[in-house]
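*Asks:* The residues making up each chain are set out below.
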Amino acid sequence: MRAFDYATPSSVTDALKLARPGSAFLAGGTTLVDLMKLDVLTPDRVIDVNGLPLKGIRLHAGALRIGALERMSDVAAHPVVTATHPMISKALLLSASGQLRNMASIGGNLMQRTRCDYFRDVTSACNKRLPGSGCPALTGINRGHAILGTSDSCVATHASDVAVAFVALEAQVVLRGKDGDRTVPLEDFYRLPGSTPERENVLGPGELIAEVVVPVLPWARHSTYLKIRDRQSYEFALTSVAAAVNLKRGVVQDVRLAAGGVGTKPWRLRAVEEALQGNVAVERTFADAAESAVDGVRTLPHNAFKTSLLKRTIVRALLDAAGVR
Amino acid sequence: MTTSRRQFFGQAAAVSAGVALTSPAVEAIAAVDAPAPGVVEVAFRVNGERQKLSIDPRVTLLDALRERLQLTGTKKGCDRGQCGACTVHVDDRRVLSCLTLAATLQGKEVTTIEGIADGDDLHPVQRAFIDHDGFQCGFCTSGQIMSAVKVVEEREVRTDDQIREAMSGNICRCGAYPNILDAIKQAKGGER
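Keeping their order, the protein sequence lines are chains A and B.
Position one of the first sequence corresponds to residue 1213 (our numbering), numbered consecutively onward.
Position one of the second sequence corresponds to residue -1 (our numbering), numbered consecutively onward.
Read the hints as simulated data drawn from the structure, not as lab findings.
From the three backbone atoms N, C-alpha and C, an ideal C-beta is built for every residue, glycine too.
Just to be clear, a hint being listed does not mean it is correct.
Straight-line alpha carbon distances no greater than 25 Å define the calculated SDA-like cross-link-like pairs of lysine to any residue that follow [claimed, not checked]:
1. A:LYS1267 to B:LYS74
2. B:LYS74 to B:GLU39
3. B:LYS106 to A:LEU1531
4. B:LYS106 to A:SER1504
5. A:LYS1267 to B:ASP89
6. B:LYS106 to B:ASN45
Here are the computed distance ranges between Cβ atoms for each label pair [as the list claims (entries may be wrong)]:
7. B:GLN104 to A:SER1520: 37 to 43 Å
8. B:SER52 to A:GLN1444: 41 to 47 Å
9. B:ARG43 to A:GLY1352: 20 to 26 Å
10. A:ASP1226 to B:GLY187: 48 to 54 Å
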């Protein structure tokens, strides 16, 4: 690990003043410390934000508001979250391990880096880590990589589960900077890799995620998060789907869908939502609608299976969320 | 006074090098990071005892416990947050000491495997691991036990599958999982 200076500000103002190019904010540390040990991240200043007042989980003005420093385990177990947004709780509980969920913050979860092995290995080329050096994943081992939103520069998958649930629920993030707050839909917070995969989000220099704001959809109390992976626990997604369905006499009134494990960012499935609208909630309809999830997929030698796996994951998540079998 | 395996190896190495080393020198050999500017002071409690350290901010809690405080019961497995061998409690929550920078622990309460027994009376989870032979090589065991102590307290974790899920952050390469599960069930049920 490279040497750094360490600061523990107690106010957001002080934390933002300490931020400079080459500095990093530290919350739970489960991504940052790991990647610093690997020399993938080499900040010369680490700003410990755990003393900042960015906590609290509350319902306010028709939205669930989660402070960025709330820990994954606390959000997952919170009675308001389990009652209003079970999809969020499920996505969190299917992530990482008990120990990691006790450490990792919600803001840090949204900022976690890809698990692409080439990104994590400093002896490999990687356009995300070292812009312009190339992407070995295109021709190398790419079983876990993305099929949606990829470019010739980068095919790395976004690793977060809860971000998928947040995108399905049209959550927003409050970003706090020297010039005050701005609110951005989480879906737009993340950038597609294009030719600049090193720029993963729209955070400005010295900006912090302060809060996640999730609108309350009364019908989304029946929602689910289905995660498919190589082993049943403590593993990242091959595919995952966050689903909420509002049925009236067996017909789909409203539906929200987003997918993980397949995109270079959490992937909202709008075309599938549109195909479902007004249709009878039966497996056949779900399967037909799921076809539109894979329009424009670009597969690699080892990950073509994700195309059919994604469609099947969508169908099963919809069956679960709609309570039909 | 008994000599720990670590002290024995340290002294043996010193003798073979033909140099008489005092214990601070042994500690220096074990130091994990090259000195760097910007040493930070941090005070926290470990197993109820107040500790004050001047450390490089790169030092993890795991290395501080093992190399500075001689609490070597906490094991370094992967050192990357993937195996759970380094599990300890910070403010009563199970966490990974390999991904926790010691500098972040100002005012915190740390409990390690050395701190859960009551004198010579083993913690019920330690007792259960012995009763059910919940280990082979033993390297993952202190992490398994520190995790299990918290899983036993979690009331919503009841079925075998729920226990396995709650314990999935602790890897055992010997494959002692069935016996670990039995040990946790005993500790949860209070049965013997």
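*Asks:* Does each hint fit the structure? Answer for all of them.
*Replies:* Now for the hints, and whether the structure bears them out:
1. A:LYS1267 to B:LYS74: Roughly 32 Å between the alpha carbons, so the hint for LYS1267 of chain A and LYS74 of chain B is violated.
2. B:LYS74 to B:GLU39: holds, 24 Å
3. B:LYS106 to A:LEU1531: Roughly 46 Å between the alpha carbons, so the hint for LYS106 of chain B and LEU1531 of chain A is violated.
4. B:LYS106 to A:SER1504: Distance ~52 Å between LYS106 of chain B and SER1504 of chain A Cα, so the pair is violated.
5. A:LYS1267 to B:ASP89: Holds: LYS1267 of chain A and ASP89 of chain B sit about 17 Å apart, inside 25 Å.
6. B:LYS106 to B:ASN45: holds, 11 Å
7. B:GLN104 to A:SER1520: 37 to 43 Å: Given range 37 to 43 Å: violated, Cβ gap about 52 Å.
8. B:SER52 to A:GLN1444: 41 to 47 Å: holds, 45 Å
9. B:ARG43 to A:GLY1352: 20 to 26 Å: violated, 48 Å
10. A:ASP1226 to B:GLY187: 48 to 54 Å: holds, 50 Å
Figure legend: structure checked against the earlier numbered hints; hints not met, in rising order: 1, 3, 4, 7, 9.
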